[in-house]
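There are 4 protein chains.
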Amino acid sequence: MGNTFGHLFRVTTWGESHGGGVGAVVDGCPPRLPLTEADIQPELDRRRPGQSNLVSPRKELDRVEILSGTFEGLTLGTPICLWVRNEDARPEAYAEMARKFRPSHADFTYQAKYGIRNWQGGGRSSARETVGRVAAGAIARKWLRWTYGVEIVAWVARVHRITSRVDPEQVTREAVDATPVRCPDPEAARHMIQLIEETRRAGDTVGGIVECYVRGVPPGWGEPVFDRLEADLAKAMLSLPASKGFEIGSGFACAEMTGREHNDPFRVRNGRVVTTTNHSGGVQGGISNGMPIRFRVAFKPVATIMQEQDTVDVDLQETTLHGRGRHDPCVLPRAVPIVEAMTALVLADHALRHRAQCG
Amino acid sequence: MGNTFGHLFRVTTWGESHGGGVGAVVDGCPPRLPLTEADIQPELDRRRPGQSNLVSPRKELDRVEILSGTFEGLTLGTPICLWVRNEDARPEAYAEMARKFRPSHADFTYQAKYGIRNWQGGGRSSARETVGRVAAGAIARKWLRWTYGVEIVAWVARVHRITSRVDPEQVTREAVDATPVRCPDPEAARHMIQLIEETRRAGDTVGGIVECYVRGVPPGWGEPVFDRLEADLAKAMLSLPASKGFEIGSGFACAEMTGREHNDPFRVRNGRVVTTTNHSGGVQGGISNGMPIRFRVAFKPVATIMQEQDTVDVDLQETTLHGRGRHDPCVLPRAVPIVEAMTALVLADHALRHRAQCG
Amino acid sequence: MGNTFGHLFRVTTWGESHGGGVGAVVDGCPPRLPLTEADIQPELDRRRPGQSNLVSPRKELDRVEILSGTFEGLTLGTPICLWVRNEDARPEAYAEMARKFRPSHADFTYQAKYGIRNWQGGGRSSARETVGRVAAGAIARKWLRWTYGVEIVAWVARVHRITSRVDPEQVTREAVDATPVRCPDPEAARHMIQLIEETRRAGDTVGGIVECYVRGVPPGWGEPVFDRLEADLAKAMLSLPASKGFEIGSGFACAEMTGREHNDPFRVRNGRVVTTTNHSGGVQGGISNGMPIRFRVAFKPVATIMQEQDTVDVDLQETTLHGRGRHDPCVLPRAVPIVEAMTALVLADHALRHRAQCG
Amino acid sequence: MGNTFGHLFRVTTWGESHGGGVGAVVDGCPPRLPLTEADIQPELDRRRPGQSNLVSPRKELDRVEILSGTFEGLTLGTPICLWVRNEDARPEAYAEMARKFRPSHADFTYQAKYGIRNWQGGGRSSARETVGRVAAGAIARKWLRWTYGVEIVAWVARVHRITSRVDPEQVTREAVDATPVRCPDPEAARHMIQLIEETRRAGDTVGGIVECYVRGVPPGWGEPVFDRLEADLAKAMLSLPASKGFEIGSGFACAEMTGREHNDPFRVRNGRVVTTTNHSGGVQGGISNGMPIRFRVAFKPVATIMQEQDTVDVDLQETTLHGRGRHDPCVLPRAVPIVEAMTALVLADHALRHRAQCG
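Residue numbers (this note's numbering), protein chains in the order written: chain A, 1 to 359; chain B, 1001 to 1359; chain C, 2001 to 2359; chain D, 3001 to 3359.
The shape of chain A in the complex, shown without the other chains (with noise of 0.2 Å):
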């Protein structure tokens, strides 16, 4: 259980690290959307190891195969199933972990779960299942700007100690996209870029931050109460691999401030209502105010480093393990394209609820 996603525009995922692939089977989406895999090849191209030496060197090029839901370019409004085949795959690197279960990541509680796991990789646990969420989201952010012109754009914030200067109002994808290291402050690209390599030569990891932001959603989206926008987007945030809290405007520097300084007034502008702060992060009472959202995930220092470390067995014998394989120093560059494709799921569903009940 648990690999749906959405109430209206659905994504289910599936696919362990090791086996026949990993795919998304995506319902709901609405017909006559022109689709095909280019639409979705360039998102998992964001994604996937081996396009930078930033991250996991394996040769995994993730090519996409479009199974159902698509004819003569145009969606059916019948499921889009996905495909992705394994290929990389080296399940001796893994032997080890037939035993012992790595610190930190999910071998333990699998296998206290399910009695069972395929510690191959890490199975379904591995990140390699976020290639169904972006693939997906690569439909509903398409199907998001056709219809409504939302744009949605994140970018590493931070990595360790070293924080970006970004003018949200202003940063592209280009930006974004322009070094491997996905910061589109090129000062502090430099310096997460020397620390990454640095960390990756002394066989550690580091964790850090990714803000995104939103434009175009207009007043209207979320539901009171349990689906609110922001808990949609809480919830997809960490139902992310590595990702440890999640903050909407203000975040967790509200706590710090008193209403007077946090509340953001109404104004109108061109005939719209607009706020002159966005504190809010564009949303209020669970509901988009046609403000820009803007939101930030922390993630967490990869759990695999190339260091010794205490652990136990599935004998519950302690014993020690030594990361090896092809793993990411620092998650953070990848975990761009994947902040943005669950954006865009939590979006397109809720532009589908509104319209439902409102529309």
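Since the hints were made in silico from the structure, they are not lab data.
Straight-line alpha carbon distances no greater than 20 Å define the calculated EDC-like cross-link-like pairs of lysine to aspartate or glutamate that follow:
#1 K142(A) with E37(A)
#2 K142(A) with D177(A)
#3 K142(A) with E174(A)
#4 K2100(C) with E1072(B)
#5 K3059(D) with D3045(D)
#6 K3142(D) with E3037(D)
#7 K2142(C) with E2065(C)
#8 K3100(D) with E72(A)
#9 K1100(B) with E2072(C)
Every value quoted in this text rests on a predicted model; they were computed, and no experiment measured them.
Given chain A's structure and the hints, the job is docking chains B, C and D onto it.
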């Protein structure tokens, strides 16, 4: 839509701040749990206004009635309908809000979404809606304790710049409730109380952070991928009025850590697998690992301040609004039982889901 | 679980026959629909006992109260909680059922499932639960009429061996309600009434068939594959107490037909595609085709008979039980508004689903 | 939407008759069930065309591949993706359907709903979609047998006016599969085969009834109110292409019975509660009572006939259409494994739901 939470242990809340009342229907609670109003009322008493001079002086007794689902003091396995009548409603206090949008409230977004809103006291967007959550959560909480011995305790960890020092292993509900601010660090509590009273006198409000700690969750709860335990907790917390952020375990601090520092080594203690640190916050790969679950929620300062603010009205004319009425200067003390209630609802749901697939 | 129906226009019912009352929460009703109790009460009056001497003489006025979700006579888009108090409860009439399982009732299965049951009047399994469905259905019905001009009419087509001749194109609600048996064929109605009265005097009960006809559904409602319109109608009807069968269009008679006879040729009338026959019953491939929707539901004879029957008790001892109390000799007349209500709930849900994906 | 079935044991099917293939994702199957393609293929072989000269001669081997969710021959508890490639596609055979709506097919309603359709072989509305259901159902079936000893057997009870006499207590799968028409009454089977062959030669088609019998379901499966076991069975069956009716236990015959005749007296046999008749069909109040579950499904004659019929085209011009291609003269023999598969999916879902709340 969006008024139901949970997949197996499900709660649907209903009601506006002014109207027949507020309540909840709980569907999926296992049968034969001893349950009367006396199990629920204490939690509502912790949430209600008027309980101390730190919170709104509204006089609502918030007496809960169980309308269905129990028989001779035991749950039947059928829906449990919970109802709390509205009592101290003063719609006339809100007359100005019929036309003016309160800054950083949901007045504007409800109007934009639905083309109509109950402007009396915020209607559905009022925090009064959380009465239903707290009542439902009390049932989930009792069932979790009864069946698994799970204990949930939350407290005010921060108000504005005043932080507390609390040993989560030792904190008790009695210590939390020992002061009206619900901070179990007596020194910090004294400062917080003083600050809140000063803030109220200044006609302003102030934000803060609630921390929650859960003992006794066995390994294996939580679904991989989208319905991770932390994802559902994040959704639950960001679905609360005024919340702006969620972090679990190391949270945003993980961004500044390396893998070496962050990883939680596994050891065996008394035949059980434990971790010697708990940066994971009790969850790995979306599934509980048997360690305590620990997370934090940021709440913004209450939006209603007793000062004049810029805003617009329903005709899109710029105007000003001066807050009045009986409002909380700080939502944190009353947020504590709400955070606990939502935590209980998430955990009860995942306990049942685990039982279904892996039980 | 299982007390919620619908994906977008959702109803959750609650309540037992003896207890605080029965009711429903409707979530997803579009905003700004004019709605007061006066829109709902007439449907409850058609369902309630005591309305004629053909049905149970219990004295329940079944007055509905709207507890939430409306404001100044319009729906808010928020959950509508509907409540009907229990009044004429006589738990003592059921004392024997505390130990003995009534044949063909749900006493045994509830006990087997939950290990507990409210044996007073059947508790949750009582047909009294349908009060919530009828109240919720009245809202769906009004919305369908208001928005799309959809008209739903059902009638008693058969009681035991007495069948009616009715032209569905001409039948009106007035004609249906003209006799207490709700059969618009006056000749058949007279015989049905006579038979039901004889049956009652004999201490027995009798079954029959309700037919339902829906005009005004546009082409395009219904989801392919699992959530076909006829699939959801079938589920709705088989979820009713005492129903044993559902057929749409040609129904079971299709088994004896050839494709040549069964196929509905398409023609064009007034610029609209129509079919010259309607064996499809208004639905093709799970989606409405614009023709009237026509289906039938079989209801078994009421299980409570005023005769002695073999049964067993909670200690698995064989015994006998003699029915008593104030029961219907035939459920059919009261089933008519219930069938209409469930039909409205299915159609409103599919109208919203269509609007979401294809609107 | 509408391509997912089940609440805990969930299947999502995808694919069109012409395209990359058809398949299903099963989410929620418990872990550690032995499972390989060899468990699934036999059911697909019973469904596929070309298996006898009573059915469509299309040459589809329908080889299933498990793409995910198993490891070393056991289920992992993660989603199981099943894929069957399309092979013998002949889109050119459908060129005329690009413009003309086939009578009593879904061409018109898909076009009306989506404004687009894959007209090649019916696309998503093709019965080929049931490949995914049968594959998924084979997993549910194995799990039910493995865990509870549940046995499901269905057969062709009627073709046109030829009815069979079958003792459901004695019927075996071997007897069902002994003739290509899947009727275990040899005499009736012979007549059915003869009739179907004559019908085919006449360019016509013929309908019938499938009966299903389930042994071994314990008391307690099924949720009261909306998700009654018979309600979910009815939905499952009416979601099948060409089905027009569902009845359980006494079914439509109940309309002609009195309570005295219809009630099933309880007795005790070998310490278990049984009923001496089974008009209830194994379900009372929506919950299984431990007796065999028995129901019937009516299937209309196949809509594609080799004769000229009136219809309209996409420009709303009246025209005629003459069927061609390789179609079944009678869908009943191939419907048997599909009915069984859907039955298994319903029961597995309710088994898990029961386990969650009452386990």
